[in-house]
Every structure is written in structure tokens, then in C-alpha cells.
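Trainee: Given the coordinates of chain R, assemble chains Z and P onto it according to the supplied hints.
Letter by letter, the chains look like this.
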Amino acid sequence: MTALDSRVAVPADPAPDGVAPQRRGRRAARRGRDNRTAYLMIAPMVVLLGIFVMWPLVYSVYLSTFKISFYEEPEFVGLDFYQYVLDSPRFWESIWVGLYYAVLTVPTGIVIALLLASFIKTLSRRAAAFMKTTVYLPAVVSTVVASVLFVFMYQDEGVVNWMLGLLNRGPVNWLNDPGYALPAIAVPGIWLSFGITTLILLAGLLDIPENYYESAQLDGAGFFARLFRITIPLLKNVLLYLLVTGFTLAIQLFELPLIMTNGGPVDATTTPNLYIFNSFRDLTPYATSFSLTASLMLFVVLGAISLVIFRLVNSDKAIDG
Amino acid sequence: MKKTVPQRVFSAVLITLISVSVMFPLAWMAIAGFKGKTEVLRSPFQFFPDMWRWDNYSAILADPQFLRAMGITVVGALIFTALSLTVNTLAAYAFARLEFTGKRFWWVYCLTPMFIPAMAILLTSFMVVSKLGMLDTLAVLIIPGAASSAQMFFIRQFYLGFPMAVEEAALVDGATRWQIFVRVFLPQSAAPFVVMGIAAYLAYWNAYVWPVLTITDPDLTQIMQFLGNFRSDRGNDWGLLMAGSTLASLPTIALLLVFQRFIVNGVRISGIK
Amino acid sequence: MRRRGIVLLAIAAVTASTALSACGGGSEDPAGKTTVTFWQQKFEDYQQAWFKKHVDAYNASQDKVKVDLQVVPADTWAQKLKAAQAAGKAPDIATTSYGNVAPGAAQSQFAPLDDLLPAEAFTDIKDNVKGFVTVGGKHYAYPMLVEPSTVLYYRTDLVTAAGLDPTNPPKTWDELLQWATKLTQGKVKGMTIASAGPDLGWSSWGLQYNACGRLPINDDWSKSTATEPCFEKLLDFYKTLYQSGLIPKTPKVGYADGAPYGQGEVAMMAGGSWVIGQLKNDFKAMVPKTAVAAFPSIDGDPAKTTATLGGWTLTVDAKSKGKQQAADFVKYLLAGDPAIMADFFKTSGFSKYTVRTSVDQALAGNPDATSDPFMKVISEKVVPYGKQEPAYPWDISLAFGTAIESAMKGKADVPTSLKTAAAAIDDVIKKQSLAGTAPK
Numbered sequence: 001m002t003a004l005d006s007r008v009a010v011p012a013d014p015a016p017d018g019v020a021p022q023r024r025g026r027r028a029a030r031r032g033r034d035n036r037t038a039y040l041m042i043a044p045m046v047v048l049l050g051i052f053v054m055w056p057l058v059y060s061v062y063l064s065t066f067k068i069s070f071y072e073e074p075e076f077v078g079l080d081f082y083q084y085v086l087d088s089p090r091f092w093e094s095i096w097v098g099l100y101y102a103v104l105t106v107p108t109g110i111v112i113a114l115l116l117a118s119f120i121k122t123l124s125r126r127a128a129a130f131m132k133t134t135v136y137l138p139a140v141v142s143t144v145v146a147s148v149l150f151v152f153m154y155q156d157e158g159v160v161n162w163m164l165g166l167l168n169r170g171p172v173n174w175l176n177d178p179g180y181a182l183p184a185i186a187v188p189g190i191w192l193s194f195g196i197t198t199l200i201l202l203a204g205l206l207d208i209p210e211n212y213y214e215s216a217q218l219d220g221a222g223f224f225a226r227l228f229r230i231t232i233p234l235l236k237n238v239l240l241y242l243l244v245t246g247f248t249l250a251i252q253l254f255e256l257p258l259i260m261t262n263g264g265p266v267d268a269t270t271t272p273n274l275y276i277f278n279s280f281r282d283l284t285p286y287a288t289s290f291s292l293t294a295s296l297m298l299f300v301v302l303g304a305i306s307l308v309i310f311r312l313v314n315s316d317k318a319i320d321g
Numbered sequence: 001m002k003k004t005v006p007q008r009v010f011s012a013v014l015i016t017l018i019s020v021s022v023m024f025p026l027a028w029m030a031i032a033g034f035k036g037k038t039e040v041l042r043s044p045f046q047f048f049p050d051m052w053r054w055d056n057y058s059a060i061l062a063d064p065q066f067l068r069a070m071g072i073t074v075v076g077a078l079i080f081t082a083l084s085l086t087v088n089t090l091a092a093y094a095f096a097r098l099e100f101t102g103k104r105f106w107w108v109y110c111l112t113p114m115f116i117p118a119m120a121i122l123l124t125s126f127m128v129v130s131k132l133g134m135l136d137t138l139a140v141l142i143i144p145g146a147a148s149s150a151q152m153f154f155i156r157q158f159y160l161g162f163p164m165a166v167e168e169a170a171l172v173d174g175a176t177r178w179q180i181f182v183r184v185f186l187p188q189s190a191a192p193f194v195v196m197g198i199a200a201y202l203a204y205w206n207a208y209v210w211p212v213l214t215i216t217d218p219d220l221t222q223i224m225q226f227l228g229n230f231r232s233d234r235g236n237d238w239g240l241l242m243a244g245s246t247l248a249s250l251p252t253i254a255l256l257l258v259f260q261r262f263i264v265n266g267v268r269i270s271g272i273k
Numbered sequence: 001m002r003r004r005g006i007v008l009l010a011i012a013a014v015t016a017s018t019a020l021s022a023c024g025g026g027s028e029d030p031a032g033k034t035t036v037t038f039w040q041q042k043f044e045d046y047q048q049a050w051f052k053k054h055v056d057a058y059n060a061s062q063d064k065v066k067v068d069l070q071v072v073p074a075d076t077w078a079q080k081l082k083a084a085q086a087a088g089k090a091p092d093i094a095t096t097s098y099g100n101v102a103p104g105a106a107q108s109q110f111a112p113l114d115d116l117l118p119a120e121a122f123t124d125i126k127d128n129v130k131g132f133v134t135v136g137g138k139h140y141a142y143p144m145l146v147e148p149s150t151v152l153y154y155r156t157d158l159v160t161a162a163g164l165d166p167t168n169p170p171k172t173w174d175e176l177l178q179w180a181t182k183l184t185q186g187k188v189k190g191m192t193i194a195s196a197g198p199d200l201g202w203s204s205w206g207l208q209y210n211a212c213g214r215l216p217i218n219d220d221w222s223k224s225t226a227t228e229p230c231f232e233k234l235l236d237f238y239k240t241l242y243q244s245g246l247i248p249k250t251p252k253v254g255y256a257d258g259a260p261y262g263q264g265e266v267a268m269m270a271g272g273s274w275v276i277g278q279l280k281n282d283f284k285a286m287v288p289k290t291a292v293a294a295f296p297s298i299d300g301d302p303a304k305t306t307a308t309l310g311g312w313t314l315t316v317d318a319k320s321k322g323k324q325q326a327a328d329f330v331k332y333l334l335a336g337d338p339a340i341m342a343d344f345f346k347t348s349g350f351s352k353y354t355v356r357t358s359v360d361q362a363l364a365g366n367p368d369a370t371s372d373p374f375m376k377v378i379s380e381k382v383v384p385y386g387k388q389e390p391a392y393p394w395d396i397s398l399a400f401g402t403a404i405e406s407a408m409k410g411k412a413d414v415p416t417s418l419k420t421a422a423a424a425i426d427d428v429i430k431k432q433s434l435a436g437t438a439p440k
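First to last, the sequence lines map onto chains R, Z and P. At position 18 of the first sequence (counting the first as 1) the number is 18 in the numbering used here, and the numbers step up by one without a gap. At position 218 of the second sequence (counting the first as 1) the number is 218 in the numbering used here, and the numbers step up by one without a gap. At position 402 of the third sequence (counting the first as 1) the number is 402 in the numbering used here, and the numbers step up by one without a gap.
By construction, these hints were calculated from the structure, which means they are not laboratory data. Be a bit skeptical, because a hint or two may be false.
What the hints assert, rightly or not - Below, simulated DSS-like cross-link-like pairs (lysine-lysine); rule was C-alpha separation at most 25 Å, straight line:
{"id": "1", "chain 1": "Z", "residue 1": "131", "chain 2": "P", "residue 2": "321"}
{"id": "2", "chain 1": "P", "residue 1": "89", "chain 2": "Z", "residue 2": "131"}
{"id": "3", "chain 1": "P", "residue 1": "319", "chain 2": "Z", "residue 2": "131"}
{"id": "4", "chain 1": "R", "residue 1": "236", "chain 2": "Z", "residue 2": "103"}
{"id": "5", "chain 1": "P", "residue 1": "304", "chain 2": "P", "residue 2": "239"}
{"id": "6", "chain 1": "R", "residue 1": "67", "chain 2": "P", "residue 2": "223"}
{"id": "7", "chain 1": "R", "residue 1": "67", "chain 2": "P", "residue 2": "319"}
{"id": "8", "chain 1": "P", "residue 1": "431", "chain 2": "R", "residue 2": "67"}
{"id": "9", "chain 1": "R", "residue 1": "67", "chain 2": "P", "residue 2": "89"}
{"id": "10", "chain 1": "P", "residue 1": "430", "chain 2": "R", "residue 2": "67"}
{"id": "11", "chain 1": "P", "residue 1": "239", "chain 2": "P", "residue 2": "419"}
{"id": "12", "chain 1": "R", "residue 1": "67", "chain 2": "Z", "residue 2": "131"}
{"id": "13", "chain 1": "Z", "residue 1": "131", "chain 2": "P", "residue 2": "323"}
Predicted, not measured: the structure shown is a model, and the values here were computed from it.
Same shape as in the complex, but just chain R (with noise of 0.2 Å):
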């Protein structure tokens, strides 16, 4: 264990760690096992991390200062294709496409989780169960399946249209309309992934004592009171989790509206992933690079997106018990 040992604290810095709060005087003697234990324990993921994304990563930048050949010496272009792809307005577009969607999604999506995963709170043990897996089905069935069971809903004489016609309206034309096809597609998107965000939402909500609740109900305060009083601040972590990771994902869409509307009508569905899946297409040197260089522009947008939200939600302390 010793040479274990030595390995993992050689990054112990005795330097003291201005970041860390000053609660306990007791803590500075004991922040050298506290190097020790954390890397350790980060050491794992770190490594995983450092060999199949951090390197890979680091590897994709320096290509991308490439026109890059398999075949050929490579040619350098600097940052050229930074220049090409700042410069396409597809990729600006498409990025507008993705934060649309996700604007569209992510609230709608944990507004409807926070309301089911509240209403299974309430049900008795047995009806609690058969509700925790029901909402997990969809994410059950795979992507290309619920991609064409909503085509067919949104056909022209489809189940929606049919509904709107017993209110005297429609038929839209749902997927090939500019203005309907994005928020046609959402919901298939919420419809996949809502199963998951009710459950972390419950999960979170089972975490809040209930004599929470019950104190404040003898104050008499009502269900809007005690959910923006009491669920949303002691859920701020796990929303905070929620909106980060649900903006990540819903910009990086794809296989929705590969399947579905194949980025149509005109451009109105193609998100930045599905951009750049039809700029790889080509076996061409400018092919690669043009969608390597994107991909990486995308990849710092969404970094800058959550940079905002992690500002905005401003949680990144622990909530003290």
C-alpha cells in the first residue's frame, strides 16, 4: 500500500487551499488526508477521463489546424476552418435551431416531471409502483421506433389532425410546415425523456422531510406557496443538474429529426449535431475538417450555455442541513 500510497499523494500540495471555507479551524490539520482520500477517489475517474476524452480532445483541436488526410500529408491551415465555420450561416442557424428546441423542451419537460413526480408522492405504495415504471417506458422504446409512430401521427390524415378536426381546425401540415415542425418534434423529445427527470425529481422530492410540508400547512399555505417556498429551493440541486444536462443534451439532438423530417422543411429542424453528420458525409479532406472544426464550435456554445445557467441557478455551494 505504501508505494500505492506515495503515487496518489504526490499531488498533495501543502499549500493552503484558499477556496475552502474556514468553518473548522481543525480542518487545516487534517487537509492532507483530505488530499489524500480526494485523489484517490477522483483518481479513477480522472484517468478514465484523461485517456478516452481529455486526450482525444486535446488531439481533435491540433487536427483541426489541419486540412486533414489519411492519405496525404496532411496540410496545415492554422485556424482557417475556425474562420469557415463562423463564417457558414447553416452552422449559426442550426445552432439557433437547438437552443429553439431546447427552450422548448427543458422547461416544458421539468415543469411536467415536478407535476407527475409530485402526484406519484402522493399515491399509495402499490399505485406509486406501477407509476415509477409506467413513466420509464418510453425511454424503453428506441429512438427510430418513436420517430415513426409520431410520423404517423402527424400524417395528413393523421390521429392529431383528426383530433383537430372534431375542433372544427386544421389540418396542419405538421412536419413540413417551418413554423410547426420544431415544436412537432419536441414532443416526441419530451416524450423520451421525461420518464428519467420524473424520477430524479422524485427522487429529490422523497428527500424533503415531510414535516416540512406539514409545518408550513399549519401556516396555511397553499400548494403554490409550499412548492415555491419549500420543493423549489430545496430541489435547486437537482434542478440546476436538470437544466444543465437537459440544455446539453437537447441542443445535441439528432436522430429525431434525421428520422422525421430529415432537417426539413428548408433547414427549420436541423440541429448543429445533424449539421455536422451531413458535413462528415463526404469522403473528402474538407469534409472532416469543416465538421471536426464544428463540432468543437459547438462544443465551446455549450459550454458557455451552461457556464450561464450554473451562474444564473448559483448553486454551487452545499446547502448546509
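Mentor: The following block gives chains Z and P in isolation, referenced to the frame of chain R:
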């Protein structure tokens, strides 16, 4: 909690509505498995087949490759889930509860991968696994994706919510951080583990592009690769695809049924009394 | 509590070492055989079966070379191929479309086959196809088949019922629109044709030639010609089909899939010749009610191109360690015994067309082939006028496909759509330095 009659009725109606809207597509998929190759595409929409045929289901069950793909994918997914929960929980605990030098740097380092689009590192990560000789092994499906920023982030958020008092008390008693992690935090983690475990399991199960890139050995063919055989832009075999998807979803549904009970009332974070 | 750390590290170490030791992808064989990998892009089911049958036969016929056939799904082909190339694991042999031959040759991706195959193999290739695989005087691919991208299918029973003459199919675009209007009845639409940009990008090449005698770029690839007035007529044609409700507004499958016609949802279909194979395999009842004709021409001139001749070749990777062995297999499969390819065309239901004179001769004695009504029409009226697929970057095709879609769906009027496309094409020309790089 005692409920009034209108509340009960309301609950029952809501449960029915939700389950119908969720079950309908599943039922549609299962029933489409009884249809002919392209009968599914027929307009106007038809729920039931003209003729119930078992050929799709029996053809898939009779295909030794299907059962092998199911088996190897379940095994891979379970190992993957266990490994990723281990790796990510350890890091999550450190980031949530420990103070250490360079914490901010490593936090950003561990979180950043969440924002990297798969395409950005598709070629280069393939080069890495190829150099490491991992192609055509189960390891190539399991190890590269095991460290997951999103999962670590979630569990860390969960641990952030644990009251400080517990730890303080244990520290005063002379417990080490490992002991606190193992004796206090792990026993409380059933719900987040189940939620993240299911997500990890499904992520492995639904992976398509990565297995296609890294696996050519028929013995290691993953279930999504198997189902992909029924797809083609020159006409899909919808009957087989639907029957196959239905059968493939069964183990996952079984798993959900088993593990949902861990997300229950009474998982109380100790300390708040 | 150290023990736990040790256990975890031990687990990690074991997993990692298993990963490293369980090495895969070997090409050495104890018996000294050379293994040649062959990636086949996934097509219709019968094609996979045909490839497997003949690869097995080849492997059994000799003991020097083992061909390892791998079927790769079309949707991940580009990713898988480029990843493999990046890691130095590209397959020795791959299916390559005609459109990718010239760009691949330009970056030295393929081994020239002239030194690897006997000269007779090339003299056997039909003259109109020879150019498809030749770049700078060298052959970089061996052709397998051609498939016209666009022919007209129509339902003789519905045509008769609508009071039209099934023996006299429409000759001009105007006549086609009249037919489509008359045949649109109730839930059955007049026809199907591509309506999404990425599908239009390639499926309209033939009609681009038909309308303007050229693609929307000048001969030396230095400038877009998309704003020429003749292209407006092409966009108007598509626009009328879509906006008058003559085609389904929400297609369930892409252009390449003929299922909606097979299901009887439309009376006519613009489709590739490969749909014949799909009809014969999956929609047998539709075959006797179906007739095939050359797609109508803008002004009725049957000698104008209406289709590009798409199709597939086999290429040998420039970095392959067994080029000669790979080429030997290509020779066996595509350039050897005409009976092997004749078997292919028969399996395809004669929905694809030969590229070798000797295979034509082999089929001439086959009553199935000579009596096939579809084959006769397509090989006499479509293939001779078919043009090669463009070798320029896909972005150009996509820009023009998007212009058609934009006009169809009313995003912009026809001249504006074309202007946008021209600007996009000029941008591609500039960024990819295409001026002067047109093959030949």
C-alpha cells in the same frame, strides 16, 4: 395520508390517462411485430394487423444471433453500470464533501466532457482505443464511457444536499473520510444509484454508432447492431424491427420492475429529524 | 479503510489489463493465409446474401487468401470508414459509389488497379461506364452495376380507371402534371417524388441535366450556374407537384424507399430502378399492375437525360498490405466469370444494369432477363441517356436540393431560392478551392 373520494377518483383518472399515453406506443410496437414487412406503413393508420402472424417473433427467437446479442449486451450493460457507478460516485463524493488542493481545476476537468459533442472526439477516441488494442473486446464498449460527467454531477448534487452535521459528528468520533463515505453516504444512496444506474444501463443498451465502429466480431454484436440489420434506406423490414425491438425491451422492463422499489418514501437523509 | 482503496484500484487494474490483453483484429493466420478485409455497405437484403455466397465460394476455392466480409450500415458508413482510416485500419476492399471515385482518387485513397488487374478486365467495361472509374487515365475502381436514379413507375389499373392510356405514358412534365392531377383521387395521391433537401440533393441530378443540360456549376467548377432561367422551370415543376397536393405532404419514408407506391398510396412514383427489386420481393401483387417508363422530359425530347447512373464499384485501399490479393478477389467477383455477375442481376430482379459486355452476353441467353418488361424499357430508354453522378462535393448538391425544397414549401420564391443556392455553391467553390479541379 387519507384521501377523500374525489381525490381518489382524480388519482385514478390521472393514472389511467398517463399509462394509456405511455402504453399506447409500446402496444403499437408490440402489435406491429405481428404485421408484415411494410404493413406498418399503411395509410390510414391501422392499429391491428390484417392477419396475426407469428413469423417475425419466431424468426427472431430462432435466430441464435439474437439471443447471443441480447446476452452479451445485458452482461456488458450490467458491468458498465456497476463500473460507472463506482467511478463516478467516488469522484462525486470527493467533489461534494472534501476540500482538496486544485479542487476547482479538477471539477472543471471532470465536468467539461459533458459538453463535448460525440463527433468532436469520434475519430480521435477511436484512434486511442485502436492503439490500446481494445477493438473487438467487450472492454471497448465498457471502459471508455464509464466515467460520465453527467452521472458524477448528479450524484455530487445529491451529496451536496446531505447535512454537514452527520459528517461533523463522525469526524469527532474519529472516523475517516472513507468510513464516512462507506457507512453514512453509501447506505443513503439507493435512490440516486437506481436512477443513474438505469440511465447508464439504457445509455449502454441504446448505443449504436460506437459499437458499429468498434465491434466486428459476430460473437460480440450488440443488440442495437442486430436490430440495425432490419433497417435500410431502401426499405426497412418493419415487422422484424418492431418484433425485435419489443423482445429487446423485455429485460429492461424487468429491470425497471425490480429496481423501482428503491425509489421510495422513507429514504430519508439522516440528520433531519 | 485503506483496504477499500486497494480493492477499487485492484478492480481498475484488472479491468484495464483485461482490456489491454484481450487484443482484437488480427490479420495473421496460423496457416500463413493472408486475410483481406472487405467492407460492404448495407443495401437490400438480397445483396448481402449474394456477397456472402460468393465470398464463401472464393474462400473455399483457394487456400492462400481469406476474404473477411463485413457488412456496414449505410447510416454510419462515413464515420466507420474515416475512423478506421484515421487509425490505419481501413479495409483492403470497400464498396465505393461512382460519385466518390474521383474525390478519393484525388487524395490518393485508392490503389490504381491497372497494374493489379489484367488489361482484358478493363476492355470488357462498357464505354459509357469506363469514364466513371477513370481519373487521369488510370482506373481507380472496378464497376459493379449502374442504377438509374429516376424512372417513372405507374399503376396501369388506376391509369385506365382515370380514363388515361397506360400504353402511352406522359412524355413531358406538363403531361405528367396532368396525369398526376387526374390520378389524385381521395386518399390516393397522384405520385411521389423527393421533397426533403437531402433527398432532392441527389435524386434531382437527372432532372437538373434534363432542364438545363448541365448541373448548376460551370464546366471548370469555377462558378455556379444555378441562376440560369432553365433551373427555374425545374423548381416550378417540383413546386407545382407539392403545392397542388399531387404528392403526399408528409412522406413516411425517404425517396429511395418505394414502400408508399407498393402500399398503393400513390398512383405513380419517381423512383430509382432499384425499386423494381423491392416491388418484386415485397409487393408481388403490385408487379403485374405496374408499368415503367423513362421519366418525362421537360420538352418531351426522349434523348435528354432524366437520370444519373448511380451505382457501386469496388476499390482497393492505397495503404492495403495485400493489394494484389485484394485485387485478385475483385477480379474474381466483378471481372471474372460472367456467370457470377449474371447471378447478381438475376437476384436483383433485374433492377440494376450491367457494366460489362460479357455479362450482357451471358444474360442474353437468360429468358428471365430477355422477357423482363421493366428491364427492356430501362436499359433501352433510360440507361443510354443517363449521365455520371457529379464528383463535386455533396455541399453543392445539398445547396441545390435545399433550393428546390425552399421553392416547394414556399420558404422563398423560385428566383430567390436559386440565388441563395448560387451563393452557397460559390461559397463552396471558394472555400474548397474547386475552381479548375473538375475531373477530366
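Trainee: Does each hint fit the structure? Answer for all of them.
Mentor: Hints, verified against the model:
no.: 1; hint: 131/Z x 321/P; result: holds, 19 Å
no.: 2; hint: 89/P x 131/Z; result: holds, 11 Å
no.: 3; hint: 319/P x 131/Z; result: holds, 18 Å
no.: 4; hint: 236/R x 103/Z; result: holds, 22 Å
no.: 5; hint: 304/P x 239/P; result: holds, 22 Å
no.: 6; hint: 67/R x 223/P; result: holds, 23 Å
no.: 7; hint: 67/R x 319/P; result: holds, 19 Å
no.: 8; hint: 431/P x 67/R; result: holds, 12 Å
no.: 9; hint: 67/R x 89/P; result: holds, 20 Å
no.: 10; hint: 430/P x 67/R; result: holds, 15 Å
no.: 11; hint: 239/P x 419/P; result: holds, 16 Å
no.: 12; hint: 67/R x 131/Z; result: holds, 23 Å
no.: 13; hint: 131/Z x 323/P; result: holds, 24 Å
Hint compliance for this structure: no hint is broken.
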